[in-house]
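Trainee: Protein sequences, first through last, are from chains Y, B, Z and D.
Numbers 92 to 417, taken from the working numbering, label the letters of the first sequence in order.
Numbers 92 to 417, taken from the working numbering, label the letters of the second sequence in order.
Numbers 0 to 355, taken from the working numbering, label the letters of the third sequence in order.
Numbers 0 to 355, taken from the working numbering, label the letters of the fourth sequence in order.
Just so you know, not all the hints are guaranteed correct.
Derived DSS-like pairs (lysine-lysine); straight-line CA-CA distance at most 30 Å [what the hints assert, rightly or not]: (1) 243/Z - 3/D; (2) 34/D - 300/D; (3) 34/D - 153/D; (4) 3/Z - 3/D; (5) 54/Z - 301/Z; (6) 279/D - 3/Z; (7) 3/D - 34/Z.
Here are some, though not all, of the chain D residues that point toward chain Y, as calculated from beta-carbon distances under 7 Å [to be verified]: (8) 62; (9) 113; (10) 114; (11) 115; (12) 131; (13) 166; (14) 167; (15) 197; (16) 202; (17) 268; (18) 346; (19) 354.
Far from chain B, some chain D residues (derived; all Cβ distances over 10 Å) [claimed, not checked]: (20) 239; (21) 242; (22) 269; (23) 310; (24) 311.
In short, the hints are calculated from the structure, not lab data.
From a predicted model like this one, the values you see are computed outputs, not experimental measurements.
For glycine and all other residues, C-beta sits at the position ideal for the given N, C-alpha and C.
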Amino acid sequence: MPKLTMVQAINLALHQEMEKDESVLVMGQDIGKNGGVFRLTDGLQDKFGEDRAIDTPLAESAIIGSAIGMAINGLKPVAEIQFSGFSYLTLGQLEGNAARFRNRTLGKFTVPLVLRMPFGGGVRALEHHSESKETYYAHTAGVKTIIPSTPQTAYRLLLGAIRDPDPVVFMEPKHSYRAFKEEFEADGEAMELGKARIVQEGTDITVISWGAMLHRTEKVIEDVVDKHGVSVELIDLQSIAPMDAQTIADSVKKTGRAVIVQEAQKTLGPASEIISLINDNALMYLEAPVKRVTGYDIVMPYFARENNQIPSIERITDAIEETLAF
Amino acid sequence: MPKLTMVQAINLALHQEMEKDESVLVMGQDIGKNGGVFRLTDGLQDKFGEDRAIDTPLAESAIIGSAIGMAINGLKPVAEIQFSGFSYLTLGQLEGNAARFRNRTLGKFTVPLVLRMPFGGGVRALEHHSESKETYYAHTAGVKTIIPSTPQTAYRLLLGAIRDPDPVVFMEPKHSYRAFKEEFEADGEAMELGKARIVQEGTDITVISWGAMLHRTEKVIEDVVDKHGVSVELIDLQSIAPMDAQTIADSVKKTGRAVIVQEAQKTLGPASEIISLINDNALMYLEAPVKRVTGYDIVMPYFARENNQIPSIERITDAIEETLAF
Amino acid sequence: MPSKVIARFDVSYLQILDENGKVDKGLEPKLPREKLLEMYRVMMRARRLDERLLKMQRQGRVGTLPVSVGQEASSGAAAMAMAEEDWFVGSYREVAGRIAMGEEMHKPMLIYGGFEEGNYNEDIPRLLPLAVILGSQIPHAVGIAYASKLRGEKSAVLAFNGDGAASEGDWHEALNFASVWKSPSVFVVQNNHWAISTPLSKQMNSETIAQRGIAYGMPCLQVDGNDALAVYKATKEALDRARKGEGPTLIEALTYRMLMHTTADDPKKYRSDEEAEEWKKRDPITRFKIYLQGKKLWNDKKEAELEEEIKQEIDAAVKYYENFKEFKLDQPFDHQFGTEVASLVEQRAEYNKYAR
Amino acid sequence: MPSKVIARFDVSYLQILDENGKVDKGLEPKLPREKLLEMYRVMMRARRLDERLLKMQRQGRVGTLPVSVGQEASSGAAAMAMAEEDWFVGSYREVAGRIAMGEEMHKPMLIYGGFEEGNYNEDIPRLLPLAVILGSQIPHAVGIAYASKLRGEKSAVLAFNGDGAASEGDWHEALNFASVWKSPSVFVVQNNHWAISTPLSKQMNSETIAQRGIAYGMPCLQVDGNDALAVYKATKEALDRARKGEGPTLIEALTYRMLMHTTADDPKKYRSDEEAEEWKKRDPITRFKIYLQGKKLWNDKKEAELEEEIKQEIDAAVKYYENFKEFKLDQPFDHQFGTEVASLVEQRAEYNKYAR
Ligand SMILES: Cc1ncc(C[n+]2csc(CCOP(=O)(O)OP(=O)(O)O)c2C)c(N)n1
Ligand SMILES: Cc1ncc(C[n+]2csc(CCOP(=O)(O)OP(=O)(O)O)c2C)c(N)n1
Ligand SMILES: [Mg+2]
Ligand SMILES: [Mg+2]
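Whole structure, please, built from the sequences with the hints as guidance.
Mentor: See below:
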């Protein structure tokens, strides 16, 4: 298998799953001929036709709203929102309907859909194109919220999301879309949703991150390990909701220290829940306060200042070193 | 001054502020002749006319969207969303525009508006009428999120919200609308936004709540104090964002124990941020894990089962007793 | 400003049975006698069910609820125009339409009693539950229709909303999608002149709601929504066209909300009794009864029999509802997800510890 | 289905200057010579600015950006119809309109260079910044107009959006509000036939966008958007009516996006070169130049002088932009709230510790 970028991996997952399962379709703005503004859906319309790779009119709420109807009536739509900054327009339908149909009808009508969207900064984009608002979705009972970090996990998690019988919000860190390639198994195997992934085992400190921040954090860890000779456990959260409390607690019980790196704003970002889960399940093992390196509680700045809002190598390094030294 | 309910207190605040400041107006569905479905705006149209107490067409996004325009052009609109369950339709405008205009234009265009909405359960209402989703707003940089708990604080906080130069989401615990009356000072004084309120000082444990849950918690505390002779500090959070980290930390440093009672679902409810702030500022003072009593991570059930989703006297009691005994 | 006209449009109005029950023979649909009798029966069952629900609410046996009194033709006759394979996507003021679909009478009692169990009908596979978020059901209708069409099924969707809901963004987005997709769907707007306390004049500034169809290049018309024959005929033709692949239709059914918005509402605060009295004369049921009588299909004896039958049906439903005590407390956890979620297993245990 | 027609509507089209620059004398607005020259100047400045921006983007000196080439008349001439006290509420493809409002050329450079500082003009109090969330600016326009009207000011709002944005729910909700409120506002839809890669035929299924006005009982018309005179005349009349209290108008300006959607887009993936070539013949600037020449208001010498003047203006803007280095790093904290917030004071300190 050649090495693939995350864009290629996601595209491949869509190709394979649409081939395998007739009820899967993709839809969204410019996803057909144009292959999506980031080319995630390239080639799908050519292969599966306009009816299964639908260029929709420009209306986010109706994209998910009609996808809900399709899902109720036997399809498995994978809808793309062009940038997560426009996905807040879908929250009425997502919270009010996608998340509720199963429960509302005691399982008679269900909504197996995937809402895909690129998110996050670092690509010199315009206003509204660089947000990290996974909290909106993770705080929505009845919806699963997934963020992959590598081509391989993006592939497997997307397969898992499409095959999941319930609505899944699938947020793609666009900074990692083409940042690197990876050796790759395209074996059609899905990854279970709801599980964090231990990227590297360690005993002195637990570092938790997800999406594009994971890679920045990995770099810091290499340096920290080199410099201080410590043993770091790195966890890729992957599933923002449901959150894998067990893996987090097991790790912190072992290391006694934790740092969380998130791109989202501080107040009520996923780190808040991680800290709370540590409080619930491993507080007495903590040897230092958990540190969170996050965006500030400000609106995402335009790109000239954006890098100061996104956790930097320096901030992550300081947080890890301070926590180790506490 | 006669005793007033929260409904009357809010109504009075609106009357006084519209009288005092010509640029204040109210708008929303059925808020005019009908005085709002909960009568919060009763009498305002009679007194100030249809142009300053506007019955809008039925469209939440345009209610806030047009209110943003009014605010940009010199008015101070107080817009009502009939139930918070329909407020998610406003998030696109709220996050994308209300929260951003000041920053986007370096202070040239600002959006002093208030978005009022009743929220929470306990009133045997229909689906979508009993939610507690303050997190959506509290996680939105550029917006303040306020929840009053008593007639007096509702009055003062609403005045504070209307006079605030930025968008404020004002969530009213409808279970407390008419639950009790209170002796009342209608002196036109606003309360500063962003501050928690110490309802009762104590030294053995800190209990934090807000909105309707505060009253249920107060009852439990009376019993616990009676039974165990402990000293409890009760904090009314009031301001979900910005959150009053100082008051929380000071209290926990003193007591070493904390319980949080929230109606919202568990994952990423405000309690998660409170726990994180305790972690950040007072972890080493903790003698027990912070306990949170919350809604479960399920869709709000219809009212026959709703009481099991809302923190009950028993659950709150157990949480406090367990934390004391830890 | 002088310039050239590049497009012309018009909106038609259909009435077959006038307010006095007089029928326009030229327009009268040729319906079998059983269908006509069934239409009357559906409307009567809906009316009596509403009346009983109101009473139950006043007695505190169920919670807040809306009733559909006066709107029995605009949803009931429309639903009777459906084919077996069609879908029904309603809002919450289609009691008659749901009854026409076969919904059992204890279902709304369960819903307004606070039980999700009222939201599905095991044997009615294409009847969606109530939609409370106004307008949000309309995109669902379009998606359902899309799926049927994609599979090549001959199935259409009949969707409902009120005059107020037509102001919502979702409504616009969905009608546009339907038009672009040539979706096999029919949109009935029950224009009952009020959205809670908001009159049409504050809801919109156009002569009809029907003309919104023009915006989407969608066939549209206005019908007398209290005239079961007109509603039936317009809906039937639209559904047939939808199934033939000719795309969607917008039907505005002019009707009136004869009672309060919900039991929590007091119309005296905002509208005159006279207006409501005026509309009583246009009652869809009375009118239809006169029509049946004129055709010698109905008489007092049959009326009495029907009343008795309905009473028994409703009594049985009430009984079912009142006996619905042994409900499963932790049902919300059964159907939160279709897969097991560890945190919810834990939370269910806590829930069950305290539930009652 | 036979029935009676209850309402009729039509949609008109206005063109004054045809594709060859021939003017319809009967329709020609009587504009002073200076105004005509200014109109040309505005369009030319916009065109050249766009071209320079494109070049800067290709050189990596600014980030992704959209240009408005081909649409200079539909926003520029419309803005020139405004009165001093009117508001301009745009989207992002109104370079000419903004220039007509007096925006300085370094402003867009700052925006696409990643600086919020490009978003305001100290001396242009009623020009709103770019709106990126499609359609979301339209309710703002309605609210701004409401406030002016409430205070009894004679001021109208001119709002813009594209053909794609007209599919958004906000657009529908806002136009309905405007109509109900008899809002002094004018909505110009720049129908440039594409929304990124989505052609009109997949965006809607109706002959015109103008006819959406019928849905709201709002006067509406279609104009040749590449004809500055038609755009000007239609907008002027609509704004005048708005200021007189006669309510809003919907204007569809037929135009064409001659280049890519943004610099990140490649139109070759989805549309034919021929289509774009066809539209080049309808260039709004060429046409207007022929008109001016016919009136003896323009010649090659003036053209050369104007080009030189514009070049200098743009060079100065680029210089300003390139010197914009000393920007305040913690600006986001200055304008997050109008009051002091304790947590942000703390966070600003951390930000400043790491910022660069
Ligand atoms: C999105 C949304 N906003 C507000 C409400 C509250 N609400 C319930 S019914 C109603 C009026 C609906 O009017 P209309 O659409 O005409 O239907 P009708 O009640 O007349 O049948 C309102 C405002 C709601 N259910 N959903
Ligand atoms: C709500 C929203 N959805 C999606 C986008 C992404 N997007 C930016 S421009 C564009 C196409 C807009 O087309 P149109 O309204 O016709 O304007 P034009 O670009 O042709 O001027 C899209 C889909 C957006 N900015 N906002
Ligand atoms: Mg109505
Ligand atoms: Mg366009």
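Trainee: Each hint needs a verdict: does it hold in this structure or not?
Mentor: Results for each hint:
About 25 Å separates the Cα atoms of residue 243/Z and residue 3/D, which keeps this hinted pair within 30 Å; it holds. For the given pair, residue 34/D sits about 19 Å from residue 300/D by alpha-carbon distance, which is consistent with the 30 Å threshold. Restraint check: the Cα-Cα separation between residue 34/D and residue 153/D comes to about 23 Å, which is no more than 30 Å; the hinted pair holds. Using a Cα cut-off of 30 Å, the hinted pair residue 3/Z and residue 3/D holds, with the two alpha carbons roughly 27 Å apart.
Taken as a hint, the residue 54/Z and residue 301/Z pair is honoured in the structure, with Cα atoms around 25 Å apart against an allowance of 30 Å. Restraint check: the Cα-Cα separation between residue 279/D and residue 3/Z comes to about 24 Å, which is no more than 30 Å; the hinted pair holds. A threshold of 30 Å between alpha carbons decides the hint, and for residue 3/D with residue 34/Z the separation of about 26 Å falls inside it, so the pair holds. Hint on residue 62/D holds. Least Cβ distance to chain Y is approximately 4 Å, under the 7 Å limit.
For residue 113/D, the suggested interface contact is upheld, since its CB lies about 3 Å from the closest CB of chain Y, less than 7 Å. Look at residue 114/D: its Cβ gets to within about 5 Å of chain Y, closer than 7 Å, so that hint holds up. The beta carbon of residue 115/D is positioned within 7 Å of a beta carbon in chain Y (closest approach about 5 Å), and the interface hint is therefore held. Contact between residue 131/D and chain Y, as hinted, is supported at the beta carbon level, the nearest pair being about 5 Å apart and thus within 7 Å.
With a least beta-carbon distance of about 4 Å to chain Y, the hint placing residue 166/D at the interface is held under the 7 Å criterion. The closest approach between the C-beta of residue 167/D and any C-beta of chain Y is roughly 5 Å, which is under the 7 Å cut-off, so the hint is satisfied. Interface hint at residue 197/D: satisfied, since its Cβ lies 6 Å from the closest Cβ of chain Y, which is below the 7 Å cut-off. Annotation: residue 202/D was flagged as interfacial toward chain Y, and the flag holds, the nearest CB pair being 5 Å apart, inside 7 Å.
Here the hint on residue 268/D is kept, as its CB sits about 5 Å from the closest CB of chain Y, short of 7 Å. Hint on residue 346/D holds. Least Cβ distance to chain Y is approximately 4 Å, under the 7 Å limit. With its C-beta approaching chain Y no nearer than about 4 Å, residue 354/D sits inside the 7 Å limit, and its interface hint holds. With a least CB separation of 20 Å from chain B, residue 239/D remains clear of the 10 Å interface cut-off, as annotated.
The Cβ of residue 242/D sits about 15 Å from the closest Cβ of chain B, beyond the 10 Å cut-off, so the non-interface label holds. Every Cβ of chain B is farther than 10 Å from the Cβ of residue 269/D; the closest lies at roughly 27 Å, confirming the non-interface assignment. Under the 10 Å C-beta cut-off, the non-interface status given to residue 310/D relative to chain B holds; the minimum distance is some 30 Å. Non-interface call for residue 311/D relative to chain B: holds, since the shortest CB-CB distance, roughly 28 Å, exceeds 10 Å.
The structure agrees with every numbered hint stated previously.
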